[in-house]
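Grab the two chains, each in its own frame, and use the hints to assemble them into the complex.
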Amino acid sequence: MSDLETFRAETASWLEANCPPEMREPMTSEDDAVWGGRNATFKPGQKEWLDIMAAKGWTVPDWPKEYGGGGLSRAEAKVLGQEMARLRCRSPLSSFGIWMLGPALLHFGTEAQKKHFLPQIARGEIRWCQGYSEPGSGSDLASLQTSAIDQGDHYLVNGQKIWTSYADQADWIFCLTRTDKNEKHKGITFLLFDMASEGVSTKPIKLISGNSPFCETFFDDVKVPKTYGEDVSAIVYEENKGWDVAKYLLGHERSMISGQGGSAGSSLGEKFADKIGRDEMGRLDDPILRAKLADLDMELLAFRAMAERFGDTFKAGLCHPAQPNMMKYVGTELNKSRYELIMAAGGSAVLEWESDASNGGLTARDWLRTKANSIEGGTSEVMLNVISKQILRLPGA
Amino acid sequence: MPLYLNDDQKMLHDSAVEFMKGEAPVSHMREFRDKQCKDGFSHALWKQFAEMGFTGILIGEDEGGLGLGHVEAGVVLEEIGRNLTPSPFLTTAVAGVEALNAGGKALRDKYFPGILSGDTVLALAIDEGAKHRPDQISMAATREGNGFKLDGKKQFVVQGGSADMVLVAARTSGKAGDEKGLTLFAVDTSAKGLARDNARLVDSAMAAHMQFDGVLVDADAVVGEVDDGDAVLRRLLNAGRSGAAAETLGVGSGAMDITVDYIKGRSQFGSLIGSFQALQHRISHLYSEIEVARATVLKAQQLLDEGSASADMMVSVAKAKAGKATALSVKEGVQMHGGVGMTDEYDIGLYMKRDRALQEFMGDVNYHTNLVAEMHGY
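In the order they appear, the protein sequences are chains A and B.
Be aware that the first sequence starts at 1, since it is given in my numbering, and climbs by one per residue.
Be aware that the second sequence starts at 1001, since it is given in my numbering, and climbs by one per residue.
One chain only, chain B, in its complex shape (with noise of 0.2 Å):
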């Protein structure tokens, strides 16, 4: 398979485009910033979502979706990061599907139909500490009656304030660190004992701190395999990492665009800044690490499509290099712009703080070179 996008999903990157310029450009994002809004999104996007058949990407056709893939998620995501799109597309119909496709029909059934509609907003819970070490879960879930008990906290739950459904990963047996012993369950944000801390974080998107009191759940809201969750769990991860690394490029390739724009616009000494080679040997060597980025997440979308045993190398090399790359692209894109980039006025700044969320999102740099490391075994 080319590593470029073939026919049907240059359409579908056509459509992307189209419909977040036209729909949810920055002006949209910062509406909804400014208003306060409580979700920190528009249930009207997420219902327009539904109708061009985005939040279907990843379920089946026979179960009502597109039975697409990684790779066309991807080209959806990184319009949503190069627009700074508010949605719960990532975690909803992104990662949370890909977990529901590894569990049993039953759950499926339960959740794909709001998902398909627009309605239903899903929420990851993994995150226990300021840092992403999925491996050091260490919530309790205890069996009791013929479901489980979860208790503990969760932080970081994107969407966790609106979200009808929360994937929750617990531990039902081991200790902290064990590969064994991981259980993911689906746990509706109805239940009893469960409180939501809702926080506004520096990009404006909402994130929640869960608390977990004997929260009761049925035994059919196991996702997978109970004690041996590690292989579903990874899947939601894999998909998250890749979805984040795609939404992260469209950060850093969008920032990179209109600064470009920028210092093609603006004179000092009597010339365009962006004729100064000061300038033009930095903002050509972030390209030069932009178009590496995109082939990163675009090489790691194909090989989780392909289901291959080197996909998880790749995701993490995709979110590594994503990171970096964009990074530097809200930094110089700021530094570029000089005062104005300080300014709430200009857009530069929001992507800078869109990049330092998605950072955090399931692993940052550092996370995801240390895994290359241990994943090559040094």
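Excised from the complex, chain A in its bound form (with noise of 0.2 Å):
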């Protein structure tokens, strides 16, 4: 048996051991995920499985053992996750940290940084939330207005954010603000605060689904330290080079977006065929509606095998810089597709927004959720002008 063989077995007994088997039931809903945080609360299972696979390092397979990480090598992290999909387990910790910031701070951040920061974000300790849109600057995020003023030992910071995921129930911020009001791009930096500062305050944005993801962020005389504690700088990089940052975990926020039309698990017909009805032949009786599902069926399989080489070729260093614009493109697009067809097949059961029958109007709320997929993190119409530009090299774009 091969090493990773040997690694494949090994992880396969650990997680049947270890993972509580509450963590092996499907999730039905969205406050099933585990986002950690000071204020975190648990249901049964997941206090215990966030621990445990912490203390593993497997909450980041793959970031270094001395920050909190698995250590693992690319293969290996693939067989864990292999694994984990195989037997059910659910991700241990959800967390704009591991996603977004833990990337950056491993690419760009300080040793100090590094150390104080990454091992309370793979522990789920602190929750991190996004500080990037403002009313202002959606699509043309680089015109950005929040403010950062030098005042020696920190930084005075005022302005607004807007669609800051669960803001409300963050920790800390990493947010981009203007240090040079004279330069675009080049004024912007990246900076690290506590949300429980005194001047910053939150307020959800109510939305057709009826749900509230998303904040205002608003910040008025926020004094920013420019350390905390001897050595760790609160600004990653340097100071108005906060546009490199944003813009290389972009490219991971694109690529974790563009996840969500490959996370279907079963083939839609199949779950749909016996609740509308089959032929004679076996076959889902509506055949227009069974044409659409099993193009989506190819379409969704076809962007699984893409997934799989995006991940395999971005780790290896062998996809061009803009392709997680493509996958961010395709992924949304897809899966504003399916849910159309989910909502089609599910007929008039599927509409129903308040009933125990509908769990709450989950698949119609998550219907109208996947519509704000192809605006946030770059609209679809962005990432198709970031394609012809950076990949196509097409003039003039």
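No lab work stands behind these hints, which were simulated from the structure alone.
Predicted, not measured: the structure shown is a model, and the values here were computed from it.
Take the hints with a grain of salt, since some may be wrong.
Here are the simulated distance ranges between beta carbons [what the hints assert, rightly or not]:
no. : chain 1 : residue 1 : chain 2 : residue 2 : range
1   : A       : 274       : B       : 1034      : 18 to 24 Å
2   : A       : 5         : B       : 1231      : 24 to 30 Å
3   : B       : 1017      : A       : 153       : 55 to 61 Å
Okay, derived cross-link-like pairs now, DSS-like style, lysine-lysine, Cα gap no bigger than 30 Å in a straight line [claimed, not checked]:
no. : chain 1 : residue 1 : chain 2 : residue 2
4   : B       : 1331      : A       : 292
5   : B       : 1110      : B       : 1038
6   : B       : 1264      : A       : 389
7   : B       : 1353      : A       : 292
The C-beta atom is built at its ideal place from N, Cα and C for all residues, glycine as well.
And the structure:
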């Protein structure tokens, strides 16, 4: 047996022995995800699963061990993911710290920043949010206005962010601020600070789904110290070089959002055929709907292969640096198509908004939620612009 | 196994790129079209394929081949597609060899040397109607003496006119639609009672209508098991379909590349038309579709090489997705070329014609999308 196959066997038996049974049940709603943080609440099994995985470094399996990671190779991390999927183990921790800030710190952070922030993220102790978009800066993110004025030992931050995911529940924020009004891209600084600081307030935004995953976030004379403790800088990378970090992170965000198209487990047609009805040949009895479901099932499998290829080439440094934009575009558009068909196949049953049978209108709310997929983190139109310019090298884009 | 080419495959890719671009670019295809070549391809080029080792990719090393897999066959096929190279590679060295690999040693000994030397050409006689319906095969093979007697019709037998041997799927028992009762035969095209009517296709390739009137074959012409040809036929079809998907991908990818080049050079209203967002968004969407198709093709080939049970599903996904993406590529290609896209002088129209023929080869997008639904049980 190869080393990797030995690792697979050991991993499988460890997961079987240590994953609490509740954590092997399918997730049924958004609050089945564990986000950690100072004010975390847990359902049965969640805390145990988080702690035992964090102790092994497997909340962030491919981060270095000294920062709370598992120190696994790319191939081993992939095997762990495959075994967790096969055994239906839930992810122990959902976290913008893991998906976004962590990769930025690993790439741009100082040793002191890595030692201070990364283990807290890995253990789920601090929940982070991302302060990027502003009311006047959506697709044109680099026009952002939130100011950070140098006051010697600290910055004075004033302004407003919008679409800040879960800002009302977050402990800390990584935030793009303007430190030079005379420059656009070269006047932005990437700041880290505590959401409990005086002058920070948040206001949830009610969406068409009825849920409020996003907030408006206000900064009113917030004092952000330049360093925490002796030598942990509040700035990632350098002053006025925050756009480099932001661009790097957008790549991660785009590849993360793109994963949604591929997250579909089983076939849609298989799921709906019995509910809708079958003809004497056993086929779903609405031939036009069946054809659309078949096309979508084909596209979902195709995208799953694409996601695997993207992951493999991304990690090996073989994919085009702008490829996450393509993934984001395809994945989000596919997820929207998928939910349109889920609604069409579900019929009147999935129109229910407030009933026990519909789990509080879960399907309808999820359907509406997907409409944001191709807006947040860069619209589909912006993604196509980036592909045109950076990959196809078309003129004057 | 990561979903990208390993170093050895990358080397093969580089040599296939260089070979096809140097020896058989689109101008080569035009030359053979314009001289009304009766075989539709160059036998000298087929010899060169053999010298490069391409014809032995799927033949075991102990039998003189390279002992490689479907991923490697696909690497060559993608370049064939990109250059519209006419060749019997897909029918002979991929689908044909794959079927013979499932057959007995006597058949391999009979045909592999000629394939390895670039002398032998194989064709596949599967379809009996205008659409690919292998589960509806009704051509009869009845026992006669020590062998079988074949009666019936086949069509869309690509390279059928120039082939030395044709693999024929026929019914030794049961009726159309039954899973059991099929048998695959290796029939020499010199056999008495076999009439071939060659037709030039829209892409200038040659395909034959075949009429079998009491064609007698020995028992040792059976590839695989009598009445149980479904297993070997499935291998042949998986190899042919994934190979056709790879070739299709090359067509779509090549059409996209020449279109990108065209819109970077053509000016209207005082601007390069490639600077217009109306075109940029469409071609960037096309780029995305081609990338997804590329992932499905490689995944299907890797699964075939691993002998995975999920290979059937992924082969259909690959044939469907590559077909969808490439149909879009050639349509957008002609439209973005504008008027010159309608001329014979520009290559983009040739890509459109090649795509149309490949769409029908071993099942189109609709056929394979339906198979995805059937394999999912609905």
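Tested hints:
1. A:274 x B:1034: 18 to 24 Å: violated (57 Å)
2. A:5 x B:1231: 24 to 30 Å: At 29 Å between Cβs, range holds.
3. B:1017 x A:153: 55 to 61 Å: holds (60 Å)
4. B:1331 x A:292: holds (22 Å)
5. B:1110 x B:1038: holds (26 Å)
6. B:1264 x A:389: holds (12 Å)
7. B:1353 x A:292: Since the Cα atoms of residue 1353 of chain B and residue 292 of chain A sit roughly 27 Å apart, the hinted pair holds (cutoff 30 Å).
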